[in-house]
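Here's the letter readout for the chains.
2 protein chains.
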Amino acid sequence: MRKRKPILTEQELEIMKIVWELERATVRDVYETILKQRRIAYTTVMTMMKILEGKGYLKKTQEDRAYLYRPAEPKQNVIRGMVAEFINRVFNGSAEPLLVHLVAEEGLTEKELAEIAKIARREK
Amino acid sequence: MRKRKPILTEQELEIMKIVWELERATVRDVYETILKQRRIAYTTVMTMMKILEGKGYLKKTQEDRAYLYRPAEPKQNVIRGMVAEFINRVFNGSAEPLLVHLVAEEGLTEKELAEIAKIARREK
DNA sequence: TTCCTCATACTAATTAGTTAGTACTAAAAG
DNA sequence: CTTTTAGTACTAACTAATTAGTATGAGGAA
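Residue numbers (this note's numbering), protein chains in the order written: chain D, 1 to 124; chain A, 1 to 124.
Just so you know, the hints here were simulated from the structure itself, not pulled from any lab data.
Backbone N, C-alpha and C define an ideal beta-carbon position, used for all residues, glycine too.
Heads up, some of the hints might be wrong.
What the hints assert, rightly or not - What the simulated footprint calls covered on chain A by chain D, stretch by stretch (three residues with Cβ under 8 Å from a Cβ of chain D suffice, anywhere in the stretch; the number is not a length):
| hint | segment |
| --- | --- |
| 1 | 71-83 |
| 2 | 87-100 |
| 3 | 104-110 |
| 4 | 114-121 |
As the list claims (entries may be wrong) - Calculated Cβ distances over 12 Å to all of chain A for the following chain D residues:
| hint | residue |
| --- | --- |
| 5 | Glu53 |
| 6 | Met82 |
| 7 | Ala84 |
| 8 | Phe86 |
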């Protein structure tokens, strides 16, 4: 059985979210964005992005002086993987308990649920 | 703002699942259970369970020679916390996108969705 | 040209998570 | 009573994740 691609860690996800948002970004772009939230070193961001490239989540091209990074695959794919991984860990792989949990937790009405179903169908 | 209780790591969750299942368990009980799946040292399990006690997920009482551990709070509470934490990390705190994702991913029909809603209502 | 800025590569320190060894003690077995 | 067994406490090794420092080079500014 092939070992599956390592899933995103906390900090890696932080960076991926930014790159998904910007669609393409240099280390500096990401660095500046994170700086608004918290203190971090430029080289830290660089290291992380290189790791993400190694894991196959980002791809880079040379652009002027600096590398330009882009997501290697669409956000939806990655999110799908993370959700699946979470369901495996916490709910032993079956999605239904999570759904039940969420519906109960949110106290959704029939109407809201139908609305979600509609959006989901569109998403498909 | 009070710092929230540290969330369960991978291995900690593995142990908690066993204790929830058994309802109360000694280190040995958990050790034997894990052994069925993989090789592990007795003291490793002990260390982990002590950590879980420190984090407030387990509480122990002296029982004969060994400690008897029990869950400090019901499984549902902890699961709720983990789901919330996941939603924060991945979906910036809003549950709806996760719901939409799940419904779309599972390709649920009206009927199945209604069924889930029914179970959820009972759960409440 | 010379200097400053900003980029990368390489290296490494620190912290968190996981795993397990060793010393010691009390109870059970012989 | 002595030996074996099964438990805990304390310590530590190892791996993974996170963070950042230093060296170096290319390009633009003076």
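Status of each hint after checking the structure:
1. Remark: the segment 71-83 of chain A is confirmed as covered by chain D, as 4 of its residues place a Cβ nearer than 8 Å to a Cβ of that chain, reaching the required three.
2. Evaluation of the coverage hint for the segment 87-100 of chain A: fulfilled, as 7 residues show C-beta separations to chain D shorter than 8 Å, against a requirement of three.
3. Three residues within the 8 Å Cβ limit are the bar, and the segment 104-110 of chain A against chain D gives 6, so the coverage statement holds.
4. For the segment 114-121 of chain A, the stated coverage by chain D holds: 5 residues have a C-beta nearer than 8 Å to a C-beta of that chain, and at least 3 were required.
5. Annotated as non-interface, Glu53/D keeps its C-beta farther than 12 Å from every C-beta of chain A; the closest such distance is 21 Å.
6. A beta-carbon of chain A is positioned within 12 Å of the beta-carbon of Met82/D; the least distance is around 6 Å.
7. The claim that Ala84/D is not at the interface with chain A is violated, since a C-beta of that chain comes within 12 Å of its own (minimum 9 Å).
8. At roughly 5 Å, the least C-beta separation between Phe86/D and chain A is not larger than 12 Å, which violates its mark as non-interface.
Going through the hint list in order, the structure does not satisfy hints 6, 7 and 8.
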